[in-house]
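**Q** Now for the letters of each chain:
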Amino acid sequence: MSFFTGPVFRIAMTHLISKKRQTIVAMLGVTFGIAIFIFQAGLMSGFQTTFIEETINTTANVRIYNDVQEARKSILQLNSSDSKAWFLIHNQKPKDEDPQVKNGKQILEIVEKDPRISGVSPFIGTQALFRLGLSQASGRASGVNIERENAIFDVGKHMKEGNLLDLETVPDGIILGEGLAMKLGAKLNDNMTIVSPKGVTLDMRIIGIHKTGITELDNTRAFISIRNAQKLLGVDGSYITDINIKLKNIDQAESIAKEYHDKFGYKAQDWKSANESIFGIFKIQNMITYLIIFSILIVSGFGIFNILMMIIYEKMPDIAILKATGFKDKDIKILFLTESLVIGIFGGLLGLFVGFLMQKIVGGIKMDLRGFVSMEHLKFNSSPAFYVFAYCFGLVATALAGYIPARKAAKVDAIDILRSK
Amino acid sequence: MPENKYILETKKLDKFFRDPVDFQALKNVNIAIKRGEFVSIIGSSGSGKSTLLYVLSTLDTDYDGQIFFDGDDLSKKTKNELADIRNAKIGFVFQFHYLLPEFTVIDNVMLPALKLGKYSEPEIRKRAQEKLAMLGLEDQAEKKANKLSGGQQQRAAIARALINDPDIIFGDEPTGNLDSKNAQNAFDIFKELKTKYNQTILIVTHDMNLAAQTDRSIRLHDGEVVI
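Heads up: the protein sequence lines correspond to chains G and L, in order. Per my numbering, numbering through the first sequence is continuous, rising by one, with the last residue being 421. Per my numbering, numbering through the second sequence is continuous, rising by one, with the last residue being 1227.
These are calculated hints, taken from the structure and not from any lab test. Just to be clear, a hint being listed does not mean it is correct.
[As the list claims (entries may be wrong)] Calculated lysine-lysine pairs in the DSS-like style (CA-CA distance at most 27 angstroms, straight line):
#1 G/19 to L/1181
#2 L/1194 to L/1181
#3 L/1079 to G/408
#4 G/328 to L/1126
#5 L/1194 to G/411
#6 G/263 to G/113
#7 L/1077 to L/1012
#8 L/1126 to L/1194
#9 L/1118 to L/1076
#10 G/330 to G/211
#11 G/328 to L/1196
#12 L/1076 to G/328
#13 G/330 to G/73
#14 G/333 to G/102
#15 L/1011 to L/1034
#16 L/1079 to G/330
#17 G/19 to G/411
#18 L/1181 to G/328
#19 L/1012 to G/333
#20 L/1079 to G/411
#21 L/1147 to G/19
#22 L/1077 to G/408
#23 G/333 to L/1181
#24 L/1077 to L/1143
#25 L/1144 to G/333
#26 G/19 to L/1143
#27 G/267 to G/93
#28 G/330 to G/113
#29 L/1034 to G/333
#30 L/1143 to G/20
#31 L/1147 to G/20
#32 L/1027 to G/20
#33 G/330 to L/1034
#34 G/408 to L/1076
#35 G/411 to G/20
[Said to hold, decoys possible] Computed, partial: chain L to chain G, Cβ under 10 angstroms:
#36 1028
#37 1032
#38 1036
#39 1079
#40 1092
Note that CB positions come from ideal geometry on N, CA and C, so glycine has one too.
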């Protein structure tokens, strides 16, 4: 006779059905716990994935640049042979050093041949003042080869208006970040000017509006062609400040960055160290989320524990007569464990469904979120792993919560109850 | 295999309660119950008659001495083996009926047989119906146990005790919670089980009137058997 047609399972189901209200309350406890689990974990992970994706899409996997701020040794120090000598140089200022990556073209060619690399893009970055009539805003002008840039950062995906490739064909084209355009009150095809820190002024035409979702970038960045950036800085045609690299496998970023640093002598930064502070925040965020979820599941565990204890106290006579008629301690334990697991299994299934529904409903609400990143909808990570994990966790919690009452029931002394008074 | 003449036999049976104070509840009890006997245990309250019944019926395992059930020494059995013996060979009727209130009468009667698993479920149902019919409850079978009258509930409990065709039925004041008419009624059933089906029965009672109707009485006084 299988367990499901046997008397123990039948008694368990009868107990649960006859105590409908308590059973449902206990189930809802599990349902709630698991639904919140899926909702919270999905929300957190969805947000983080979106953010990381956007960040990776806008940060080079490896960026080679000339870090002029790096403290350098004085000439005196470099030329001294006495290692024990002291040097006191007051008010040492950085040399007027160009942030140029010299031999940029050659580095570009070498890097391009590296089989681990999927794309390379030269870059010139400079502070600039953007003006449209009387309104003005400061930001950064990014001189790029738009085709290469697009291959690395998928710039085209984020174009709100205009055509990306016009940057190559329109000689005075500029693509503004959405926030920057808003500050200036600029629209597509408006004419505007850029002023560089060196005082060079260029007349430009807005050929596109761009929005990545990362507020900081959208508020300050504008794309122009490399040629125009060089004009703006008054430099020759081989001048670049950065080389952005996209890797086939982003996990290699750290080692490749180190390798290039040693090879070319310029600073090479990988995407992880560039965004270190953010990943630190994510870690804490995850910890908080899982703590909250954990406490919710503990609360629902206590719900099950309570209700089973109530059932057991009420069912003492049943337990006693079952034992007298030949049910073993083990059978009684299984009986109440079955009850808690049935609560867990069905409450959990409902929880998976409710969690899914909550994600769909909340994810469907249109909202204009602006902050760290801007999104139109909350994004959820509805990976099956979360559902599996939440469900298993729920079952373990219910089994644990059911085990103590079940053991207690198994230990009930039948004689105490059955004995005539 | 020759059946033992005695279904139940004790040798130098002692029992102590340690809590709250040391107290000897049974002193050197040596009794034997033959197959087919209807025996009552009598005595004033506190004489140890219920204690003896629970020790004999394997529910209480904390005793000194030996108990032979159908020739087997019970003191050597594990708890699980004792549970199997209770399931297959012992029927219980208590002062209160202890039917599971959410189950129908027939389900209650069937439970010990389902646990035993000797017969298929339809067969068990058929047998349960027969037992209920024997006790005049055939038309109550599908009712919830808690919808029956007190006398009917006790008869259903007797049917439950009979379902696995036990070697012996133990009754702890089985009529104690019934009015005199129902008590006599239930008692008549026991007598009929004995005469018609040669059922071995051992009951604890304080009702001398009923005890007088059994084959013999074992009188306990302060834990000792007095004749």
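**Q** Confirm or reject each hint.
**A** Here's how the hints hold up against the structure:
Our distance criterion of 27 angstroms between C-alpha atoms is broken by residue 19 of chain G and residue 1181 of chain L, whose separation comes to about 36 angstroms. For the hint pairing residue 1194 of chain L with residue 1181 of chain L, the CA-to-CA distance comes to about 20 angstroms; that is within 27 angstroms, so the pair holds. With a C-alpha separation of about 17 angstroms, the suggested pair residue 1079 of chain L and residue 408 of chain G falls inside the 27 angstroms cut-off, and the hint holds. A threshold of 27 angstroms between alpha carbons decides the hint, and for residue 328 of chain G with residue 1126 of chain L the separation of about 26 angstroms falls inside it, so the pair holds.
For a cut-off of 27 angstroms, the pair hint linking residue 1194 of chain L to residue 411 of chain G is broken: about 35 angstroms separates their Cα positions. Between the alpha carbons of residue 263 of chain G and residue 113 of chain G the distance comes to roughly 14 angstroms, so the proposed pair stays at or under 27 angstroms and holds. A C-alpha spacing of about 18 angstroms is found between residue 1077 of chain L and residue 1012 of chain L, which places the hinted pair at or below 27 angstroms, so the restraint holds. Using a Cα cut-off of 27 angstroms, the hinted pair residue 1126 of chain L and residue 1194 of chain L holds, with the two alpha carbons roughly 23 angstroms apart.
Pair hint residue 1118 of chain L plus residue 1076 of chain L holds up; C-alpha atoms about 25 angstroms apart against a cutoff of 27 angstroms. Distance check on the hinted pair: residue 330 of chain G and residue 211 of chain G sit about 64 angstroms apart at the alpha-carbon level, beyond 27 angstroms; violated. With a C-alpha separation of about 32 angstroms, the suggested pair residue 328 of chain G and residue 1196 of chain L falls outside the 27 angstroms cut-off, and the hint is violated. Under the criterion of a C-alpha separation no larger than 27 angstroms, the hint pairing residue 1076 of chain L with residue 328 of chain G is consistent with the structure, at around 17 angstroms.
For a cut-off of 27 angstroms, the pair hint linking residue 330 of chain G to residue 73 of chain G is broken: about 78 angstroms separates their Cα positions. Our distance criterion of 27 angstroms between C-alpha atoms is broken by residue 333 of chain G and residue 102 of chain G, whose separation comes to about 77 angstroms. A threshold of 27 angstroms between alpha carbons decides the hint, and for residue 1011 of chain L with residue 1034 of chain L the separation of about 15 angstroms falls inside it, so the pair holds. Between residue 1079 of chain L and residue 330 of chain G the alpha-carbon distance is near 11 angstroms, which keeps this suggested pair within the 27 angstroms criterion.
Using a Cα cut-off of 27 angstroms, the hinted pair residue 19 of chain G and residue 411 of chain G holds, with the two alpha carbons roughly 23 angstroms apart. With a C-alpha separation of about 36 angstroms, the suggested pairing of residue 1181 of chain L with residue 328 of chain G is violated against the 27 angstroms cut-off. Between residue 1012 of chain L and residue 333 of chain G the alpha-carbon distance is near 35 angstroms, which puts this suggested pair outside the 27 angstroms criterion. At roughly 12 angstroms between alpha-carbon atoms, residue 1079 of chain L and residue 411 of chain G fall within 27 angstroms of each other, so this suggested pair holds.
Between the alpha carbons of residue 1147 of chain L and residue 19 of chain G the distance comes to roughly 18 angstroms, so the proposed pair stays at or under 27 angstroms and holds. For the hint pairing residue 1077 of chain L with residue 408 of chain G, the CA-to-CA distance comes to about 23 angstroms; that is within 27 angstroms, so the pair holds. For a cut-off of 27 angstroms, the pair hint linking residue 333 of chain G to residue 1181 of chain L is broken: about 40 angstroms separates their Cα positions. A C-alpha spacing of about 38 angstroms is found between residue 1077 of chain L and residue 1143 of chain L, which places the hinted pair above 27 angstroms, so the restraint is violated.
With a CA separation close to 25 angstroms, the supplied pair residue 1144 of chain L and residue 333 of chain G stays within the 27 angstroms bound. Straight-line distance between C-alpha atoms of residue 19 of chain G and residue 1143 of chain L comes to about 19 angstroms, which keeps the hinted pair within the 27 angstroms bound. For the hint linking residue 267 of chain G to residue 93 of chain G, the alpha-carbon distance of about 20 angstroms falls within 27 angstroms, and the restraint holds. Proposed proximity of residue 330 of chain G and residue 113 of chain G is contradicted: the alpha carbons are some 70 angstroms apart, above 27 angstroms.
A distance of roughly 37 angstroms separates the Cα atoms of residue 1034 of chain L and residue 333 of chain G; the hinted pair therefore is violated under the 27 angstroms criterion. For the hint linking residue 1143 of chain L to residue 20 of chain G, the alpha-carbon distance of about 20 angstroms falls within 27 angstroms, and the restraint holds. Among the hinted pairs, residue 1147 of chain L with residue 20 of chain G is consistent with the structure: their alpha-carbon atoms are about 20 angstroms apart, no more than 27 angstroms. The hinted pair formed by residue 1027 of chain L and residue 20 of chain G fails the criterion: a straight-line CA distance of about 50 angstroms is larger than 27 angstroms.
This hinted pair does not check out: residue 330 of chain G and residue 1034 of chain L have alpha carbons roughly 33 angstroms apart, beyond 27 angstroms. Restraint check for residue 408 of chain G and residue 1076 of chain L: satisfied, since their Cα atoms lie roughly 26 angstroms apart, inside the 27 angstroms limit. Taken as a hint, the residue 411 of chain G and residue 20 of chain G pair is honoured in the structure, with Cα atoms around 26 angstroms apart against an allowance of 27 angstroms. Here the hint on residue 1028 of chain L is broken, as its CB sits about 22 angstroms from the closest CB of chain G, past 10 angstroms.
Because the smallest distance between the Cβ of residue 1032 of chain L and any Cβ of chain G comes to about 23 angstroms, over 10 angstroms, the interface hint for this residue is violated. Nearest Cβ of chain G to the Cβ of residue 1036 of chain L: about 23 angstroms, over the 10 angstroms cut. The hint is violated. At a threshold of 10 angstroms, the smallest CB-CB gap from residue 1079 of chain L to chain G is about 7 angstroms, leaving the interface hint in force. This hint holds: residue 1092 of chain L has a C-beta 5 angstroms from the nearest C-beta of chain G, less than the 10 angstroms allowed.
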